[in-house]
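Visitor: Build out the structure end to end from the sequences listed, making use of the hints.
Chains as they are written, first to last, in the numbering used here: chain A, 1 to 228; chain G, 1 to 219.
If you're looking for bench data, these hints aren't it; they were derived computationally from the structure. Even for Gly, the Cβ is constructed at its ideal location relative to N, Cα and C. Treat each hint with caution, since some may be false.
Unchecked claim - Selected chain G positions facing chain A (Cβ under 8 angstroms, derived; list incomplete): (1) 69; (2) 76; (3) 90.
To be verified - With a Cα cut of at most 30 angstroms, we get these calculated DSSO-like pairs of lysine-lysine: (4) G:53 with A:129; (5) A:5 with A:25; (6) G:215 with A:5; (7) G:53 with A:145; (8) A:41 with G:133; (9) G:26 with A:123; (10) G:104 with A:128; (11) A:129 with G:79; (12) A:145 with G:126; (13) A:123 with G:79; (14) A:41 with G:53; (15) G:62 with A:145; (16) A:27 with G:142; (17) A:129 with G:105; (18) A:54 with G:104; (19) A:129 with G:133; (20) A:123 with G:62; (21) G:126 with A:220; (22) G:133 with A:146; (23) G:133 with A:54.
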Amino acid sequence: MEESKVIVHGFWASAYVYRVIWALKLKGVKYDYIEEDFSNKSQSLLEYNPVHKKVPVLVHRGRPVVESSVILEYIEETWSDDPLTSLLPSDAYERSVARFWIDFGQQVSRTLFAFFLSSDENKETTSKKARETLEIIQEQALGGKKFFGGNRLGLVDLSYGWLAHWLEPIQELVNVKVLEPNTLPTLYRWTIDFKHEPVIKDNLPDSKALLEHTTRQRKKFTSPPKNN
Amino acid sequence: MADEVVLLDTYFSMFGMRARLALAEKGIDYEYKEENLGDKSPVLLEMNPVHKKIPVLIHNGKPVCESLIIVQYIDEVWKDNSPLLPSDPYQKAQARFWADFVDKKLYDAGRRLCTTKGDELETAKKDFIEVLKLLEAELGEKPYFGGENFGFGDVALITYSNWFYSYETCGNFSAEEHCPKLMEWVKRCMGKESVSKSLADPKKIYDSILVFKKKHGFE
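Guide: Laid out in structure tokens, this is it:
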């Protein structure tokens, strides 16, 4: 039993870490969680992820898996006995489409990060770009489905899950809304349905703490560099 | 029913080469269509409306985009010969991690080597060599990144190797000097017919970069 132990090294505010937690919970996999302090990274984190030194790290049977998209595929392939908890389509073509949208998530993150850092001067441009990018996933990835994965959550939903909770404090800080029911109705509806799912609802960072953390992050990234 | 396989690609693209290489490894017949990126075909724009990029694999009329996704798709559909990804989930995760690492780190450093001068160029060179060293350490004593057999990680990296000549010339360094074991691995891979026929001529790549540099004022 010790051999098959699962450990997640994470950070309480990280959406990437939550993807892994949601996947494990959806599969019914028990795990131990270790909170990492970035100002003082643990020896095991540095050993398990020497290349990127980041969380999340999944340790299974003593071996580390890193990079959230790689971890999600690992979880899907390792705990694959029950078709009711599959997180990727069984058809190879549909799987390639799911992977395409998971990969596109990187572009979504970059665009929304630019929005997050925007000043009054450029927020019109960054918010327009953000809305356009979100419209692509609404129209082409979500379409008329309840979830990106169809009737149940899948890895694409978990990869975009941050839009349902982590975008709120960002919009508040920039003082512009990019994901609204009148302009992006089906994507907005998806954020509600996503957060309603029991595994998600019970596993989200506290909103107030997240707003405080996001505020600090924004200050850190937008203040001019100090002269040493 | 015979499979209809079409690949939209460009000769010089290290991403397109991955698709060509996977198709060659599996012995799949396909139609190759060279795209002019300055005048993209209606088929490309229809098949990859989101990115409008090559490579695009069109299998029985349905498009698959993004080179590493294409390679995985090819591996899963034509699963009976020359497996590229291991069957063990942990080994698969390792292969995927290193392929992702190559794309995150090597492409950017390589691009900077071809488009910068002075201090920026020196930084690009340092970054590039550091990435190669990490990859060489990961390879270790194994013949391939996939272990005994050529695999997914090898496919991801080998298609950059024909660009090394360009990077070395722009940056004035020798990859062989810094990473001899990695360059042995390159030679080993080039000994495979599927690899040598899928990769472009390094000198032709360099000529195209010179044209690009002149056109965009990067000399």
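Visitor: With chain A as the partner, please determine if residue 76 (chain G) meets the hint condition of a C-beta pair closer than 8 angstroms.
Guide: holds (4 angstroms)
Visitor: Against the 30 angstroms threshold, does the CA-CA distance of residue 41 (chain A) and residue 53 (chain G) hold or violate the hint?
Guide: violated (39 angstroms)
Visitor: Are residue 104 (chain G) and residue 128 (chain A) close enough, with their CA atoms no more than 30 angstroms apart?
Guide: holds (27 angstroms)
Visitor: Is the Cα-Cα distance between residue 145 (chain A) and residue 126 (chain G) 30 angstroms or less?
Guide: violated (48 angstroms)
Visitor: Hinted pair, alpha-carbon criterion (30 angstroms max): residue 129 (chain A), residue 133 (chain G). Please report holds or violated.
Guide: Violated. Residue 129 (chain A) to residue 133 (chain G) sits at ~38 angstroms, over the 30 angstroms cutoff.
Visitor: Is the Cα-Cα distance between residue 54 (chain A) and residue 104 (chain G) 30 angstroms or less?
Guide: holds (15 angstroms)
Visitor: Next pair to validate is residue 62 (chain G) with residue 145 (chain A); report whether the Cα-Cα distance is within 30 angstroms.
Guide: holds (20 angstroms)
Visitor: Can you confirm whether the C-alpha distance between residue 123 (chain A) and residue 79 (chain G) stays at or below 30 angstroms?
Guide: Not satisfied, since the Cα-Cα distance of roughly 49 angstroms exceeds 30 angstroms.
Visitor: Need the status of pair residue 215 (chain G), residue 5 (chain A): alpha-carbon distance at most 30 angstroms?
Guide: Measuring from Cα to Cα gives roughly 57 angstroms; hence the hint is violated.
Visitor: Less than 8 angstroms between beta-carbons is the criterion; does residue 69 (chain G) satisfy it with respect to chain A?
Guide: Given a least distance of 5 angstroms, the restraint on residue 69 (chain G) holds.
Visitor: Holds or violated: residue 126 (chain G) with residue 220 (chain A), Cα cutoff 30 angstroms?
Guide: Holds, at roughly 28 angstroms.
Visitor: Does the structure keep residue 27 (chain A) and residue 142 (chain G) at a Cα separation of 30 angstroms or less?
Guide: Not OK: residue 27 (chain A) and residue 142 (chain G) at ~35 angstroms, beyond 30 angstroms, violated.
Violated hints, in rising order: 6, 9, 11, 12, 13, 14, 16, 19, 20, 22; the structure is consistent with all others.
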